[in-house]
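*Asks:* Protein sequence lines correspond, in order, to chains A and B. The first sequence finishes on residue 97 if you use the working numbering, and the numbering steps up by one all the way, no holes. The second sequence finishes on residue 1376 if you use the working numbering, and the numbering steps up by one all the way, no holes.
Any given hint could be a false lead.
Capping the alpha-carbon separation at 25 Å, the derived lysine to any residue pairs in SDA-like fashion look like this [to be verified]:
#	chain 1	residue 1	chain 2	residue 2
1	B	1157	A	14
2	B	1332	B	1096
3	B	1327	B	1276
4	A	57	B	1255
5	B	1015	A	62
Stretch-level coverage of chain A by chain B, calculated; a stretch enters the list once three of its residues show a Cβ under 8 Å from a Cβ in chain B [to be verified]:
#	segment
6	27-37
7	44-51
8	57-70
If you are wondering where the hints come from, they were derived from the structure by calculation, not from laboratory data. Keep in mind the model is a prediction, meaning the values are calculated, not measured. Built from N, CA and C at the ideal position, the CB exists for glycine as well.
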Amino acid sequence: MCLAIPGKIVEISSDNKDAALVDIAGVRRKIDLTLLQDDKPLPGDWVLIHVGFAMSKISEQDALDQMHTLQSLGESEAAIQEVSGLSADDAPPGGLA
Amino acid sequence: MRFVDEFREPELISKTAEEIRRLAGTERHYCIMEVCGGHTHAIYRFGLKDILPENIELIHGPGCPVCVLPMGRIDDGLAIAQQPEVIFAAFGDMMRVPGTQGSPLEHKARGMDVRIVYSPSDALRLARVNPGKQVMFFAIGFETTAPSTALTMMRAKAEGIRNFSVFCNHVMVIPAIRAILESPDMRLDAFIGPGHVSTVIGCRPYEWIAQNEHKPIVVSGFEPLDLLQSIVMLLRQLRNGEAKVENQYKRVVAWEGNPAALRAMAEVFQVRPYFEWRGMGSIPQSALCVNDKYGEWDAEQRFAVPGIRVTDPKGAQCGEVLKGALKPHQCKLFGRECTPERPVGALMVSSEGSCAAYHNYEHRKAAMVTSLSAIA
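Could you build all of it, start to finish, from the sequences and the hints given here?
*Replies:* So this is what it looks like as structure tokens:
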């Protein structure tokens, strides 16, 4: 809950600009971008995710560093479990599924 | 050894540790509090205490939201969920936290509808797909998770989802630091500031700590090198007689924080006059509740809440450990009645709690000392 999980933006939802599909260590999930509305990420950008919401934009190197930190802390499995648990079943019609 | 491999930059670690030794000297003792539970976890996990000279003492702060939540609030949340047609939704971190009648997981075993969610928006989704049920999201966390709860409530209101509510237990880091600084047995010299909370609130809210209390504070990242560099920055300030706010975690934390997150919190929450913290008592203006605009989605307004107050379990010394007066292993229950498998106190529940961190990593310490002595 408290440690941030890094993810790479794969696709911004076509009909909801505040939703995006991200890749987190190979797992693809939908996250919310509303908290980055002042500095919108684009596909290819990396973000730090807290409880399903992107909180900050970061560099690729920092994203890899953060994943390494989670691994070292023994938290990477919990992190992957967390993102796997973020289901994508409420995607708006025609949006990301 | 696996442990040494986990330091990616052993030379830099070694150089930074040397610099810490040089700056710390031997003439005085330094007490530095890491406020954030994530930092506590990292410090134990990486065995950083064994790299630091003996005259630098790290005190583990109150920054684990699961750990500071009083048992009465868990009982209150579970009491709400005893009411008909209520689904109790919470982060996984909450599931094993003991209430007086057992943890949420134990209530689930007895038939309560308890669901683990990974995001408050998952709880809102549960409400969408269970229109005949009341979904109560048990919200916990510092400013790191509060904006996500706020946005989810804004969405519930916008979509008119009325079978969703939030039992708000969000707390704020600044009043907790203030309470620690005002405590009579306070003996801190400096603070390692929380990383991810600062992503939201930025660095400005810490300025009073430097200006009024003359304590240096450095906002830090979570890598071993981040933490060691932050200690170097603190020691430099202390040696120069300075007290300022510095940001070691610039790659993630902006000085002004995340304005959108702050706006969302301001839209939905207001500050409670008082809130009970486990081990720290009642702290004024230290927590958030739902404001009247969103009252319809506030579980405390929707349901009868008993307002249970529970003293800490007999013998557990969570409060003393939380304030740094006792080390985890000095608690009478540590490692015997209270273990990560069967926690009595909340500090043993979360991996970010200092007791669980101490318990999980202490047994590895001997191996760590051996391997670290090669690089420190």
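*Asks:* Counting residues of the segment 27-37 of chain A that have a beta-carbon nearer than 8 Å to any beta-carbon of chain B, does the count reach 3?
*Replies:* That given contact holds, which follows from 5 residues of the segment 27-37 of chain A lying within Cβ reach (below 8 Å) of chain B.
*Asks:* Is it true that the CA of residue 57 of chain A sits at most 25 Å from the CA of residue 1255 of chain B?
*Replies:* Given that 25 Å is the threshold and the Cα spacing comes to 14 Å, the pair holds.
*Asks:* If you draw a straight line from the CA of residue 1332 of chain B to the CA of residue 1096 of chain B, is it 25 Å or shorter?
*Replies:* Holds, because 21 Å separates the two Cα atoms, which is no more than 25 Å.
*Asks:* Take the segment 44-51 of chain A, compare each residue's beta carbon with every beta carbon of chain B, and decide whether three or more fall closer than 8 Å.
*Replies:* Contact hint for the segment 44-51 of chain A vs chain B: holds, 3 residues under 8 Å.
*Asks:* Given the hinted pair residue 1327 of chain B and residue 1276 of chain B, is their alpha-carbon gap at most 25 Å?
*Replies:* Since the Cα atoms of residue 1327 of chain B and residue 1276 of chain B sit roughly 23 Å apart, the hinted pair holds (cutoff 25 Å).
*Asks:* Test coverage of the segment 57-70 of chain A by chain B using CB-CB distances below 8 Å; three residues minimum.
*Replies:* Satisfied; 7 residues make the cut.
*Asks:* Need the status of pair residue 1015 of chain B, residue 62 of chain A: alpha-carbon distance at most 25 Å?
*Replies:* Measuring from Cα to Cα gives roughly 22 Å; hence the hint holds.
*Asks:* Does residue 14 of chain A sit within 25 Å of residue 1157 of chain B, going by the straight-line distance between their CA atoms?
*Replies:* Roughly 23 Å between the alpha carbons, so the hint for residue 1157 of chain B and residue 14 of chain A holds.
This entry satisfies every hint, going by the numbered hints stated previously.
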